[in-house]
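Colleague: Okay, here's what each chain looks like letter by letter:
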Amino acid sequence: MPLNSKIPQGELAAKWTTYKSTCKLVNPANKRQLEVIIIGTGLAGASAAASLGELGYKVKTFCFQDSPRRAHSIAAQGGINAAKNYQNDGDSVYRLFYDTIKGGDYRAREGNVHRLAEVSANIIDQCVAQGVPFAREYGGLLSNRSFGGTQVQRTFYAAGQTGQQLLIGAYQALERQVALGNVTQYSRHEMLEIVMIDGKARGVIVRNLVTGELERHFGHAVLLCSGGYGNVFYLSTNAMGSNVTAAWKAHKKGAFFGNPCFTQIHPTCIPVSGDHQSKLTLMSESLRNDGRIWVPKKQGDNRKANDIPEEERDYYLERRYPAFGNLVPRDVASRAAKERCDAGYGVGASKQAVYLDYASAIDRYGKIEAGKQGNHNPDAALVRELGKAVVKEKYGNLFEMYEKITGENPYEVPMRIYPAVHYTMGGLWVDYELMTTVPGLYALGEANFSDHGANRLGASALMQGLADGYFVIPYTLGNYLADDIRTKSIPTSHPAFEEAEKAVRERIEKLMNIKGSESVESFHKRLGKIMWDKCGMARNAQGLKEAIDEIRALRKEFWSNVRIPGNVEEFNPELDKANRVADFMELGELMCMDALNRNESCGGHFREEYQTEDGEALRQDDQFMYVAAWEYKGDSSFELHKEELNYDVVHPTQRSYK
Amino acid sequence: MEHYTMNLTLKVWKQKNMKSKGQFETYQVKNISSEMSFLEMFDVLNEQLIAEGKEPIAFDHDCREGICGMCSMYINGRAHGPWHQTTTCQLHMREYKDGDTIVVEPWRANAFPVIKDLVVDRQAFDRIIQAGGYVSVNTGNAVDANAIPIEKHKADEAFAAAACIGCGACVAACPNASAMLFVSAKASHLALLPQGDPERKIRAINMVAQMDKEGFGSCTNIGACEAECPKGISVENIARLNREYIGAVFSGGSDNA
Chain R
224 MPLNSKIPQG ELAAKWTTYK STCKLVNPAN KRQLEVIIIG TGLAGASAAA SLGELGYKVK
284 TFCFQDSPRR AHSIAAQGGI NAAKNYQNDG DSVYRLFYDT IKGGDYRARE GNVHRLAEVS
344 ANIIDQCVAQ GVPFAREYGG LLSNRSFGGT QVQRTFYAAG QTGQQLLIGA YQALERQVAL
404 GNVTQYSRHE MLEIVMIDGK ARGVIVRNLV TGELERHFGH AVLLCSGGYG NVFYLSTNAM
464 GSNVTAAWKA HKKGAFFGNP CFTQIHPTCI PVSGDHQSKL TLMSESLRND GRIWVPKKQG
524 DNRKANDIPE EERDYYLERR YPAFGNLVPR DVASRAAKER CDAGYGVGAS KQAVYLDYAS
584 AIDRYGKIEA GKQGNHNPDA ALVRELGKAV VKEKYGNLFE MYEKITGENP YEVPMRIYPA
644 VHYTMGGLWV DYELMTTVPG LYALGEANFS DHGANRLGAS ALMQGLADGY FVIPYTLGNY
704 LADDIRTKSI PTSHPAFEEA EKAVRERIEK LMNIKGSESV ESFHKRLGKI MWDKCGMARN
764 AQGLKEAIDE IRALRKEFWS NVRIPGNVEE FNPELDKANR VADFMELGEL MCMDALNRNE
824 SCGGHFREEY QTEDGEALRQ DDQFMYVAAW EYKGDSSFEL HKEELNYDVV HPTQRSYK
Chain S
96 MEHYTMNLTL KVWKQKNMKS KGQFETYQVK NISSEMSFLE MFDVLNEQLI AEGKEPIAFD
156 HDCREGICGM CSMYINGRAH GPWHQTTTCQ LHMREYKDGD TIVVEPWRAN AFPVIKDLVV
216 DRQAFDRIIQ AGGYVSVNTG NAVDANAIPI EKHKADEAFA AAACIGCGAC VAACPNASAM
276 LFVSAKASHL ALLPQGDPER KIRAINMVAQ MDKEGFGSCT NIGACEAECP KGISVENIAR
336 LNREYIGAVF SGGSDNA
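Same order as they appear, the protein sequences are chains R and S.
Numbers in the working numbering are just positions in the first sequence, counted from 1, shifted up by 223.
Numbers in the working numbering are just positions in the second sequence, counted from 1, shifted up by 95.
If we strip away everything but chain R, and leave its shape as in the complex, we get:
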């Protein structure tokens, strides 16, 4: 099947306008007869549900958490990008588009990314109208800060809780639609199957996680807004429940999986402290605005950080990338940290960490504050006190979080950080309309393979999730449903529902009947270790081949020896987890295959065989300028389809942040 990305014809800047003016519409009376199912209630799902409810569609939302407000979008810290150019520093829709394409190492679609940049400004307007309390200046206008991979200040933020505030905004809009009767919400429900009728997605089978009952729900269309799959690595910055199950079920029903190996390793996370570690915590990229990253110049230096004199510190990002310094994109910063640690310069007990130091920022801000008070010769103690107050105002909650987790005070000693799995650029392949290769089945937000190419820039995930939900799907879904207005709701007694439910029931019974001796958690940890060691920050052909064999063996073991306590017809988190881990194993294998296929390095995908002399990613544009879209062909069998990427406006070059 040839992949049709359905990018509108015409000039890049006119494509979305043209689409909006020519797409099909559904009149209000017909919208009331059309049912839409939305899986996941994070930024993409909640914003889509609210917007579609407002338009008059009959919407049902499902989330596995106890409330839509808990979705993991809530944990996003640093901010959201928008091409507002409020700072008059040279920003524009084109710049945001260009930075995103370049940041993604030329593996994203021009048409999609330009649309994203166009609607970015509307997102900020919408959020402010909802009452999202973004940071403001004394004049009452919105404040901005810098993020990695850009040279303008276009990031809007609400302290270190931007994701929380944006999600609460979308959640409130969603709850309003629930109150108005346009949306029905189901919490503690997990989607376990897509129901297909006549080649179209027509519903879902969900499990009520409180009672264990399976439920059938019909929809004229199904939207997957179920987030990313970083938890395939076991340790990641994702929430414990974040999973690939909804996307994977869709994949097995015919939705192609795009660029599964594109994983974002975030450079600034709190390092692993021991085998008990259950998740990793991010320290916002915004900290790289003011913090300086360094390691000792001497290998294996065991002195305390504050005992190492300035001249014996290697500010390696500033040294290697003078133009962007500590604000290079995430993939570049992560690899540079790994390089230093692998070479023996790491710090802390594990030696798998580098310092993120606020001493010079505290000093700089302190002097400015003293100067404001007319004190041009302040003593060091006053400078520190004033400087700490400024840093606290900007990053206080992050510093507190660091201290709670590590027991160290980051105002006094530099933070220790190390890269960790954070985001997945890969996901379900979608066309310009966000439709997967299954008609009527859509993927929004992190769940789709999206607009970030091989590396996402900071503060762009929130932008994409909300762009998809608020401003893209209301148009593109109408364009599909306009041809469906004569389709009456299909009763869930239809054989396709029977069959799908039966398959789900059988799988659950199969899992419960294994009655082995090893816990789900233990299998998940073992899978994570294989993925991190062999499909993590650096990959090579041999390791990937080994990983595929190891995952296959692990899967076999799982299906013969996993132990799930409790019963099916009750609240049983171990069973929920087993369902998810079983899918992660299948996905892990596909990720390794994709990484093995892509004989190049680009963005977050770093194949050791393909690097420049100074260790930068080396793309192979002549062979790999395509989206790898994988079709499920049965157990461990996947067929590769290629969507060629055409750059009409931007000319791909080797990315340089020097």
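Each hint should be verified, as a subset may be incorrect.
Looking from chain R toward chain S, a few residues come up when the C-beta cut is under 8 Å (computed) [claimed, not checked]:
| # | residue |
| --- | --- |
| 1 | ASP289 |
| 2 | ARG293 |
| 3 | GLN387 |
| 4 | VAL401 |
| 5 | GLY404 |
| 6 | SER410 |
| 7 | LEU550 |
Note that these hints are calculated values from the structure, not bench results.
From the three backbone atoms N, C-alpha and C, an ideal C-beta is built for every residue, glycine too.
Given chain R's structure and the hints, the job is docking chain S onto it.
Modeller: Relative to chain R, chain S alone:
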């Protein structure tokens, strides 16, 4: 910081489901690292129980970084345990020493029925938001984000109220199981902003009515809610909601005069 390991006795509330009666069970855990989070200590216990062929303890948790509001344990008589402005998932075991006994219960409130063990149903909070915890603005209706300047201190105050994570610790900590801190945080967040101003009166009336309907208790100004709130939401918000509510009732909720 010195790291150490400890052995602990845990007394944990076990309850099969909403209808059954619960009771405390006692467990021993060994070699707990001071670097673990409280929930990682529970992970260890649950792995131990699964290995012994017993049923693990059900507890709510998700982000494990203090922001989603899902975790909800009542630890030695305190919502989210002893650390100030800290969720259970951010509480770390260096708080405890070898030989300690820790008692863990679910949130206790009529409006939060126990689903299983330490897991409670907090959908009442969603229904309170549905009663008016929003600005009625459809997608696409917004003016430019900088069209309405907002004084910085007001925006900061609104943000401080909006920082509520909806965990329900305020209800669990309150002897009356009142939800006033939660409700007032949302009412304040929106009333402090010009965008939320047009609906402030009807919002106050409807959210309070829903709160009462859900079976939460009355506020008697004890202040345990603020003391135990992991996000430090101030009881000043309660005073503000009371003013909003009285003003709204006397004006019939129909205008903002």
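Colleague: Indicate, hint by hint, whether the structure satisfies it.
Modeller: Okay, the hints, checked on the actual structure:
no.	hint	verdict
1	ASP289	6 Å, holds
2	ARG293	4 Å, holds
3	GLN387	6 Å, holds
4	VAL401	5 Å, holds
5	GLY404	10 Å, violated
6	SER410	7 Å, holds
7	LEU550	23 Å, violated
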